[in-house]
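Visitor: For reference, the chains in residue letters:
Protein chains: 2
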Amino acid sequence: MRIHVQNDPHDRPFGITPEQWQAAAARAPDVGQDHVVSYGRTPEEFAAALAEAEILVIAVSELAGRFPMAAPRLKVIFCTSAGVDKLAPFDWLPPGVALLNNRGVHAAKAGEFGIMAVLMLAARMPELIAAQRAERWQKLHSGSVRGRRLTVVGLGSLGGAAATQAAHFGIEVTGVRTRPSPHPACTRVIAVDDLDSVLPDSEFLLLACPLTEATRNLMDRRRLSLLPEGAGVVNIGRGPLLDQEAICDLLDAGKLGGAVLDVFTPEPVPPGHRLWTTKNLVMTPHVSADDVATYNPLSLDLLFINLRAMKEGKPLPNQVDPQRGY
Amino acid sequence: MRIHVQNDPHDRPFGITPEQWQAAAARAPDVGQDHVVSYGRTPEEFAAALAEAEILVIAVSELAGRFPMAAPRLKVIFCTSAGVDKLAPFDWLPPGVALLNNRGVHAAKAGEFGIMAVLMLAARMPELIAAQRAERWQKLHSGSVRGRRLTVVGLGSLGGAAATQAAHFGIEVTGVRTRPSPHPACTRVIAVDDLDSVLPDSEFLLLACPLTEATRNLMDRRRLSLLPEGAGVVNIGRGPLLDQEAICDLLDAGKLGGAVLDVFTPEPVPPGHRLWTTKNLVMTPHVSADDVATYNPLSLDLLFINLRAMKEGKPLPNQVDPQRGY
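These protein sequence lines are chains A and B, in that order. For any residue, its number in my numbering is found by taking its place in the first sequence, counting from 1, and adding 110. For any residue, its number in my numbering is found by taking its place in the second sequence, counting from 1, and adding 110.
Think of the hints as simulated: they come from the structure by calculation, not from any bench. Do not take every clue at face value.
It does not matter which identical chain is used: a pair holds within one copy or between any two.
[Claimed, not checked] With a straight-line cut-off of 30 Å between C-alpha atoms, the simulated BS3-like cross-links for lysine-lysine are:
{"hint": "1", "residue 1": "Lys-185", "residue 2": "Lys-196"}
{"hint": "2", "residue 1": "Lys-185", "residue 2": "Lys-389"}
{"hint": "3", "residue 1": "Lys-249", "residue 2": "Lys-196"}
{"hint": "4", "residue 1": "Lys-249", "residue 2": "Lys-389"}
{"hint": "5", "residue 1": "Lys-421", "residue 2": "Lys-249"}
{"hint": "6", "residue 1": "Lys-185", "residue 2": "Lys-365"}
{"hint": "7", "residue 1": "Lys-185", "residue 2": "Lys-424"}
{"hint": "8", "residue 1": "Lys-424", "residue 2": "Lys-196"}
{"hint": "9", "residue 1": "Lys-185", "residue 2": "Lys-421"}
{"hint": "10", "residue 1": "Lys-365", "residue 2": "Lys-196"}
Given these sequences and hints, build the entire structure.
Guide: Below you can see the structure in the form of structure tokens.
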């Protein structure tokens with residue numbers, strides 16, 4: 111097949127190289143051979159390649175706003191990103207073209223980041239970091255996380271990995287998903303419609319769901335205020351999942367004990383924004399789930415898994431449902 | 111038996127209460143009953159109680175410098191601390207009196223702190239915390255910890271718990287102990303005499319051994335310089351295990367990637383000390399292993415385990431060997 115890899119001209123560390131492609135193709139010999147692969151970075155290279163390409167490999171940031179355009183032979187767009195919210199609504203998607211994301215690639219790193227964030231909140235690291243900055247020796251004791259209560263919103267690859275790590279530490283995990291089917295790491299799973307009922311008992315809350323019209327502002331000021339005094343919040347999903355002004359207010363007022371946020375509105379967060387100096391807030395610049403060393407190899411392995419499914423006439427495991435938005 | 115509990119007059123959160131004693135005694139009915147228990151906070155209460163006490167329960171900070179003194183019936187001193195380095199040399203210990211520590215109590219919390227620290231170093235949190243302080247959006251990517259190499263010095267309850275957590279994350283753990291007997295969480299265990307040989311491959315180093323004459327300044331400037339460029343160091347043992355000036359120099363020069371230190375020389379670290387502003391250093395005020403909620407219950411449970419061993423004529427599991435110093 112004709113495959114075009116369009117790399118971000120600016121985001122060099124995440125560009126897919128011919129060497130990475132060949133290595134991944136060699137790991138999937140049944141579906142990795144006999145392709146003609148082109149690589150581009152400029153709009154001109156993109157337009158030229160789309161005249162022939164059957165499969166397009168591209169990051170969401172590069173794909174947004176590219177369509178409609180002439181792509182007569184295109185069958186598959188493989189986004190090397192998990193969150194495709196920037197592409198919604200999906201009316202630009204040419205009929206018959208399957209849109210795939212790379213959900214699953216981020217699981218290991220996101221699980222590690224998620225439990226690190228919960229352990230940091232449990233150990234009162236936001237306060238200890240502030241004390242260090244003030245050159246103040248302030249013994250702030252804390253307990254083990256065993257038996258404490260964490261609510262994870264979204265049990266996809268990110269939330270599922272975080273929940274699994276938390277369960278390993280003996281944390282009681284409540285999962286929240288659209289339809290409340292069980293999850294092995296969760297002592298219970300509730301429907302998102304019942305979220306209000308568990309928030310008052312959630313010592314820790316971790317957001318890991320996709321951003322859709324249904325989840326935008328899910329943790330609004332009212333819901334954030336339902337969390338118990340001293341609760342800790344982690345967001346590894348998308349910034350607009352929560353009311354950012356409200357969480358800053360609750361942190362500054364000491365109602366929430368701390369937060370570890372990796373995603374924001376807007377990104378990058380500009381200098382001078384109140385986020386930077388909000389009390390007991392630890393910020394990371396949208397890096398919680400990206401592992402430079404494994405990102406492209408795992409993404410390409412996923413692509414070949416989907417090409418194998420296509421060859422066998424099976425459903426594509428990473429296909430995005432434009433109605434759901436993920 | 112006559113048991114005296116001497117509480118620290120200043121360290122209220124860790125004082126043992128009669129309610130805690132009674133609860134622990136009820137959990138160990140075979141050895142918890144028929145004792146006469148007294149409680150004190152002042153030197154006068156201490157001296158008066160020691161005229162009769164057979165068992166003394168006391169924190170190391172309270173015990174240091176108290177002996178020699180008249181304690182004619184004393185059989186056991188139970189220190190509600192794991193590190194007894196402040197009591198060395200042990201020539202003050204009256205003949206025939208067993209000195210016990212509470213090793214084991216700190217394991218759960220220390221294991222959580224240890225893996226949190228390693229995850230923070232792997233995720234480049236020291237740099238990210240500095241970037242946040244500078245209001246700078248700086249994408250610093252990092253990888254999963256799976257397959258990375260951690261060396262844990264000391265495989266007692268603290269180091270063993272940290273090694274076990276690290277192994278759960280797929281980290282390759284090298285253990286270092288006095289005698290290199292195997293440990294289930296370690297892919298290999300070496301003798302402390304061979305430490306130099308593993309340091310150049312140690313991406314992360316975690317110190318969790320007791321402070322003795324053999325371990326004082328174990329990580330001197332020469333050994334710290336054997337660590338690879340960008341390595342991360344965690345110390346949950348005692349400050350004097352490492353050359354503090356040397357680690358500050360190596361961090362400030364960017365030779366080490368980061369450090370999470372919980373113990374220092376001296377403690378408290380005074381304002382204005384260079385530690386507070388050393389590059390990529392995260393400091394916590396000697397709280398890594400203390401869990402207020404479980405500390406006293408677990409300590410008292412340990413005491414009763416030792417009283418049971420004494421009753422049965424068995425070796426006391428928590429007895430300190432004055433020769434080894436732990």
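Visitor: At most 30 Å between alpha carbons: which applies to Lys-185 and Lys-389, within, between, both or neither?
Guide: neither (49 Å within a copy, 51 Å between copies)
Visitor: Are the CA atoms of Lys-249 and Lys-196 at most 30 Å apart within a copy, between copies, both, or neither?
Guide: Classified as between; 20 Å across copies, 44 Å inside a copy.
Visitor: What label fits Lys-185 with Lys-365 when the C-alpha limit is 30 Å: within, between, both, or neither?
Guide: Answer is neither; intra-copy 51 Å and inter-copy 50 Å both fail.
Visitor: Using 30 Å as the alpha carbon limit, work out where Lys-185 and Lys-424 are close: within a copy, between copies, both or neither.
Guide: within (15 Å within a copy, 75 Å between copies)
Visitor: Tell me, please, which holds for Lys-185 and Lys-421 at an alpha-carbon limit of 30 Å: within, between, both or neither?
Guide: Answer is within: at 13 Å inside a copy they meet the 30 Å cutoff, but 78 Å across does not.
Visitor: Taking 30 Å as the upper bound on the Cα-Cα distance, should Lys-185 and Lys-196 be classified as within, between, both, or neither?
Guide: within (21 Å within a copy, 72 Å between copies)
Visitor: Within, between, both or neither: how does the pair Lys-424, Lys-196 come out at a Cα-Cα threshold of 30 Å?
Guide: Answer is within; shortest intra-copy Cα gap is 28 Å, inter-copy 68 Å.
Visitor: At most 30 Å between CA atoms: does that hold for Lys-421 and Lys-249 within a copy, between copies, both, or neither?
Guide: Neither. Shortest intra-copy (61 Å) and inter-copy (38 Å) distances fail the 30 Å Cα cut-off.
Visitor: Is it within, between, both or neither when you check Lys-365 against Lys-196 at 30 Å Cα-Cα?
Guide: neither (32 Å within a copy, 40 Å between copies)
Visitor: Regarding Lys-249 and Lys-389, is the shortest C-alpha distance of 30 Å or less found within a copy, between copies, in both, or in neither?
Guide: Answer is both: 18 Å inside a copy and 22 Å across each meet the 30 Å cutoff.
Consistency with the previously given hints fails for numbers 2, 5, 6 and 10, ordered from lowest to highest.
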